Amino acid sequence: MNTAEQYLKAIYLVQQVENGPAATGRLADSLDVSPASANEMIGKLEDRGLADHEKYKGVTLTDEGIERARDSLQTYCIIERFLVEVLGVEEFRTEASQLESVIDETVAERLDTIIDRESQCPDCFAPDEDVCALLDADGGAAD
Amino acid sequence: MSVSQPVASDHQLARLLQIGMVLEEVVEARAHQHYRSVSADLDTEIEALLEHAAEESADHRDRLAALIDDLDAERIPFEQIAPLVADHYDRDRDTDGVLYDQLCNEETAYKFYDDLIAAIEASSATFGIDREQLVATLSAIREEEADGAEEVTRLMEARE
Chain A
1 MNTAEQYLKA
11 IYLVQQVENG
21 PAATGRLADS
31 LDVSPASANE
41 MIGKLEDRGL
51 ADHEKYKGVT
61 LTDEGIERAR
71 DSLQTYCIIE
81 RFLVEVLGVE
91 EFRTEASQLE
101 SVIDETVAER
111 LDTIIDRESQ
121 CPDCFAPDED
131 VCALLDADGG
141 AAD
Chain B
1 MSVSQPVASD
11 HQLARLLQIG
21 MVLEEVVEAR
31 AHQHYRSVSA
41 DLDTEIEALL
51 EHAAEESADH
61 RDRLAALIDD
71 LDAERIPFEQ
81 IAPLVADHYD
91 RDRDTDGVLY
101 DQLCNEETAY
111 KFYDDLIAAI
121 EASSATFGID
131 REQLVATLSA
141 IREEEADGAE
151 EVTRLMEARE
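Here the protein sequences come in this chain order: A and B. Once you know that position 140 of the first sequence is 140 in the UniProt record's numbering, the rest is easy, because the numbers rise by one and skip nothing. Once you know that position 77 of the second sequence is 77 in the UniProt record's numbering, the rest is easy, because the numbers rise by one and skip nothing.
Treat the hints as calculated values from the structure; they're not laboratory data. Quantities reported herein were computed from a predicted structural model and do not represent experimental measurements. All C-beta atoms in this analysis are idealised placements derived from N, C-alpha and C, irrespective of residue type, glycine included. A portion of the hints provided could be inaccurate.
Here's a subset of chain A near chain B, in silico, CB distances under 8 Å, partners left out [as the list claims (entries may be wrong)]:
| no. | residue |
| --- | --- |
| 1 | T62 |
| 2 | I66 |
| 3 | R110 |
| 4 | T113 |
| 5 | I114 |
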């Protein structure tokens with residue numbers, strides 16, 4: 001997942017939590033980057049038709065941006081679930097965020113062939129907890 | 001969540017090598033499953049391809065395991081992954097499907113090693129294993145994946 005895809009995913013999740021546009025400061029915090037870096041990338045996403053930015057309000061994804069963000073979120077869900085179900089990693093949230101920039105969507109699709117992921121993914125992702133609400137982190141998939 | 005330097009420690013490197021090991025094991029186990037599910041329809045060329053894919057993945061797994069050992073991390077045993085592949089394997093597949101899946105395997109593995117090598121080369125971290133040897137090993141595996149993808153493509157084109 002490249003940097004732009006990580007931003008799209010972060011905007012999508014902040015928008016869900018805020019139920020409105022994602023404020024640049026909030027977005028920068030969630031990605032652990034400077035507001036200047038966030039602004040620069042938001043500009044690039046706007047140029048590519050993936051996001052709209054309104055001064056003093058924040059950034060909103062376009063329909064295409066939402067589609068791309070959901071694909072990225074799904075890739076992230078696969079990484080988290082793989083770490084829990086297959087490798088039994090306790091600190092899976094931290095490790096998933098470290099690994100997401102190296103794990104491509106096609107690689108995640110292969111990892112997806114050996115995990116149990118629900119059909120409604122990524123709608124079951126809980127942004128506040130940074131994890132799929134249906135994932136039993138102690139023992140794999142929840143019933 | 002962070003847009004961070006991807007490979008910053010031995011721990012992260014070992015985790016990525018473990019993922020590589022699992023990918024190889026998935027390829028090997030799926031090749032066995034393909035062989036079992038469509039063996040009656042297989043011609044000698046596809047049979048040889050699947051056999052070679054399984055052998056090559058086992059070899060890649062061994063090379064990754066050696067790197068993981070040097071990092072004092074745990075290997076992911078094939079015996080752990082093979083049943084997961086079997087549990088999730090879709091048996092409704094013909095020989096064209098087998099070749100396509102094999103092409104996906106080779107291309108996915110190539111992409112994984114390519115991204116991993118780039119992430120290592122972009123990192124300024126000092127690892128517990130020799131960086132040149134690490135990149136040389138991963139690069140050699142990546143080239144074999146590229147050759148494998150070429151071979152499957154050639155076979156698919158010949159059957160059109």
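These are the hints, each one checked on the structure:
1. Interface hint status for A/T62: violated, as the beta-carbon distance to the closest one in chain B is roughly 21 Å, over 8 Å.
2. At its closest, the beta carbon of A/I66 sits 18 Å from a beta carbon of chain B; the interface hint therefore is violated under the 8 Å criterion.
3. A cut of 8 Å between beta carbons decides the hint on A/R110: the least distance to chain B is about 5 Å, and the hint holds.
4. Among the interface hints, the one on A/T113 holds; its C-beta lies about 6 Å from the nearest C-beta in chain B, closer than the 8 Å criterion.
5. Given hint, A/I114 at the interface with chain B, holds; its Cβ is 4 Å from that chain's nearest Cβ, closer than 8 Å.
Checked against the numbered hints listed earlier, the structure breaks hints 1, 2; every other hint is satisfied.
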